[in-house]
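J.: Protein chains in written order, with numbering that gives the first Met the number 0: chain A, 0 to 259; chain B, 0 to 557.
Source of the hints: derived by calculation from the structure; they are not laboratory data. Ideal Cβ placement from N, Cα and C applies to all residues, glycine included. Don't take every hint at face value.
In the BS3-like style, the derived pairs of lysine-lysine whose C-alpha atoms are separated by at most 30 Å in a straight line are [to be verified]:
#  : chain 1 : residue 1 : chain 2 : residue 2
1  : A       : LYS256    : B       : LYS194
2  : B       : LYS194    : A       : LYS106
3  : A       : LYS236    : A       : LYS218
4  : B       : LYS344    : B       : LYS11
5  : B       : LYS430    : B       : LYS11
6  : B       : LYS50     : B       : LYS63
7  : A       : LYS106    : A       : LYS75
8  : B       : LYS344    : B       : LYS430
9  : B       : LYS194    : A       : LYS218
10 : A       : LYS256    : A       : LYS236
11 : A       : LYS34     : A       : LYS75
12 : A       : LYS236    : B       : LYS344
So these bits of chain A aren't anywhere near chain B, every CB distance computed over 12 Å [stated by the list, open to error]:
#  : residue
13 : GLY32
14 : TYR78
15 : GLU244
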Amino acid sequence: MSAQPNEKVQVIASGDRTILPEGTRMIPVYIMGKKYLLPETLTIQKAIEYAGYQFIRACGCRGGICGACPTVWRVKGDYQLHFGLACQTVIEEEMVLAQLPFFPANKAVYDLEQLQATGEAIASLYPEVMKCVGCNTCTRACPMDIDVMEYINAAMRGDVARTARVSFDCIQCGLCSARCPAQIAHYHVAQLCRRLYGRYVLPRAEHLASRVDEIQAGKYDGFLEELTRMDEDQLRKLYVEREVEPLDSEGWEPGDKRYL
Amino acid sequence: MGYTPEMKELIKRVEATRAERVERTRRGEYFPAMTLDERAEVLGRFHPDYKEAGRRAVKVGPNKGDVYPEEFVEQLEAYPRIHPDRVDFGALPTSETDVLVIGGGGAGSSAALRAAENGCRVVLATKLRHGDANTVMAEGGIQGADQEVDSPYFHYLDVIGGGHFTNRPELVAALTHDAPLVMSWLESLGMMFDKEPDGRMRVRHGGGTSRKRMHSAGDMTGSEIMRVLRDEVRNRPDAIEVMEFSAAVELLKDAQGRACGALLYNLETEAYFVVRARAVVLATGGFGRLHVQGFATTNHYGATADGLVLGYRAGVSLDFMHSTQYHPTGAAFPEQNVGLLITEKVRGLGANLVNIDGEQFVFEREPRDVESAAIIRECVERARGVTTPVGRLGVWLDSPMIEELEGPGTVERELPAKFVQFMRYGIDIRKEPMLVYPTLHYQNGGLKITADAETSVPGLFAAGEVTGGVHGENRLMGNSLLDITVFGRRAGTNAAAYAQNLEDGPGEPALDHVRAFIADLEAGGVGRDRISPMLIPDYTTPEVRQRQLTAHYLGTLR
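With the rest of the complex left out, here is chain A (with noise of 0.2 Å):
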């Protein structure tokens, strides 16, 4: 059982289980419609494995930013349906919750290289774009806040750095997808635009490549090879001699230009 705390070691680490305050009220959620009382002060994942659930889907980094755990909810008495992740979102009273961990959404098979960063390459790879209705359902359901409507209307004027730029907290968690009336897979559009945008909007980063030329050209092999045959009293004087980039290095060059 290695998931509990060490009791031999507990003096120094408590675990990463929820342990309960005295006293912390159980509150009803129903988790598909089955009710259970939870503790009301954790998150929705780890109250579903509070009241015995293991998971194998929904579940993923737990921090969230991994996009495996989507959850819709109502709350009794309230027509509202809300959207959430289950690590990030603490559970209600009355919470009536579902969880999304897949949602069918087709990826355009495509090779980078061919494709220009048009709204051609977009409109022929995800037609369906062009259908948005304008309703503003995918924003709502976003988990991240993600103004997903913006970055689908710029999708369909073929504006790829805006879509690209919009859409760059995307988790690709599906619950726009899953909302869409017009069957839109925005996180597909999203990505696809977001690649072309660092392809061929960005500019390429010259001093990069200059460095791979050199790289490739052998030029560090030696100096890489030397410091490998180095003992541990040479390597040392080498890094506490090595000379500190300034926090503010405008202009700044090293004296020492033998390695570079």
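Add chain B to chain A, keeping to what the hints say.
T.: Only chain B this time, still in chain A's reference frame:
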């Protein structure tokens, strides 16, 4: 929501000393850094790596006698999920490929792409979803010496100095040599690097760097790398087949001892199946979810040491598994955020670490291991930590100082994700400090590899956090994303070459190495109840477990 009244009372002590601490920082007066002797003392007495309690020697396998954390030893000293006698290769569904990649994070995806580019058919099998990995959680950046004032030479010095000069030199050379090649590869795949208007990479310093070489994509660099690699893998359906929720539970070897595939387990249907391959790449990541020595972790749900167990049973030695990286500042409150990484940047922006009395007790830019040990000492020995309502310990990370030192708005601008993650629970880190405690962050060690990502088993390659030696006993920020891409690519390229040069093809798959391992376990008196690989951690409460009267657990899985 927010801090309890008792904690709010305690925060007043932090506020009482803040003005003076801000003034001292403005004058450039810092808490004195430790001498090397003081560092050694605090590490020896309080760093979990140096403590005897909670560690023991492993009784079986290539590293027999080496001392590792108990939670990890329990994974090594464990019986297979399925006894080889029950595996009928004639009956199980079997597919064949050139290169089998096990693991769907950054390293596995890089390997799959390179193997496919070199003309191989690839199966990428992964336990959870493709992209479920620590890769997506890396925020800060990726190092690479591409600026004119920098070179792989200085990157090498930084890496090996940061690793206390213990790193495997040939691995450091490979890492630093390939770094610009990887940047260029990612750029050509359309990664949205942070750039200047002319296309120059925007670079920053990281802990222990002598030159600015930290490249980033906002504060979600790893996520961006993973999105791009996953998308590219899925652009090659003819060459790469992705199998999700397919956990490898055993490597297969032929009569000549060459790796020739894996026994896999469908986590959802619970059915076993076989993939035979000419070469195998292990890229299964680390072990944070073992909660070594009871620590909370920043790691992904799937970080359960599976690949280490598989490789070890197949005969690959471990390197540096005695060494674990604890990030000094994991969240200790609120309960929902426990273990969550609080980036080094918070201290970089000027926030002090202070105890229950609002007093500084450590310099904020000590190496990660020293800083962690100092926090543990403050809480455990000096009893100057704050106890949370549920009994966890922590010290204050005084984030409101940032607004005073760097101007209002800095916290929201520089730490947007952290700001939101605390605001959600009613804690405004612009105005209130964060409670922090060290958290299990990174597995420094792993399977021993060469610079070509080969293991000692022919046909078996490994890359990423599952391997050890690149970082020695301490990894610098920005070198894990680099590690997975550099060695993932090398593993893919070399596995492809190996597969193509294998003249007679691999022989019939067998599990004789597992039988031999079982014999060792029995000879060592290891109890029958221990099962690995873990695959999925178990967070079922003891109360629920007591009521699961007919549930059958095999290890942590039911």
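J.: Could you run down the list of hints and mark each one as holding or not?
T.: Each hint, compared with the structure:
1. Our distance criterion of 30 Å between C-alpha atoms is met by LYS256 (chain A) and LYS194 (chain B), whose separation comes to about 25 Å.
2. Taking the CA atoms of LYS194 (chain B) and LYS106 (chain A), the gap is about 28 Å. The hint holds against a cut of 30 Å.
3. For the suggested pair LYS236 (chain A) and LYS218 (chain A), the alpha carbons sit about 24 Å apart, so the restraint of at most 30 Å is met.
4. Using a Cα cut-off of 30 Å, the hinted pair LYS344 (chain B) and LYS11 (chain B) holds, with the two alpha carbons roughly 24 Å apart.
5. Of the pairs offered as hints, the one joining LYS430 (chain B) and LYS11 (chain B) holds, with about 12 Å between alpha carbons and a cut-off of 30 Å not exceeded.
6. Simply put, LYS50 (chain B) and LYS63 (chain B) have alpha-carbon atoms about 20 Å apart, close enough for the 30 Å limit, and the pair holds.
7. Annotation: proposed proximity of LYS106 (chain A) to LYS75 (chain A) is violated, straight-line Cα distance about 36 Å (limit 30 Å).
8. A C-alpha spacing of about 17 Å is found between LYS344 (chain B) and LYS430 (chain B), which places the hinted pair at or below 30 Å, so the restraint holds.
9. With a CA separation close to 26 Å, the supplied pair LYS194 (chain B) and LYS218 (chain A) stays within the 30 Å bound.
10. Pair hint LYS256 (chain A) plus LYS236 (chain A) holds up; C-alpha atoms about 17 Å apart against a cutoff of 30 Å.
11. Between the alpha carbons of LYS34 (chain A) and LYS75 (chain A) the distance comes to roughly 12 Å, so the proposed pair stays at or under 30 Å and holds.
12. With a CA separation close to 29 Å, the supplied pair LYS236 (chain A) and LYS344 (chain B) stays within the 30 Å bound.
13. Annotated as non-interface, GLY32 (chain A) keeps its C-beta farther than 12 Å from every C-beta of chain B; the closest such distance is 20 Å.
14. The Cβ of TYR78 (chain A) lies farther than 12 Å from every Cβ of chain B, with a closest approach of about 24 Å, so its non-interface assignment holds.
15. Interface exclusion of GLU244 (chain A) from chain B breaks down, the closest Cβ pair being 5 Å apart, not more than 12 Å.
Hints 7 and 15 from the earlier list are contradicted by this structure; the remaining hints agree with it.
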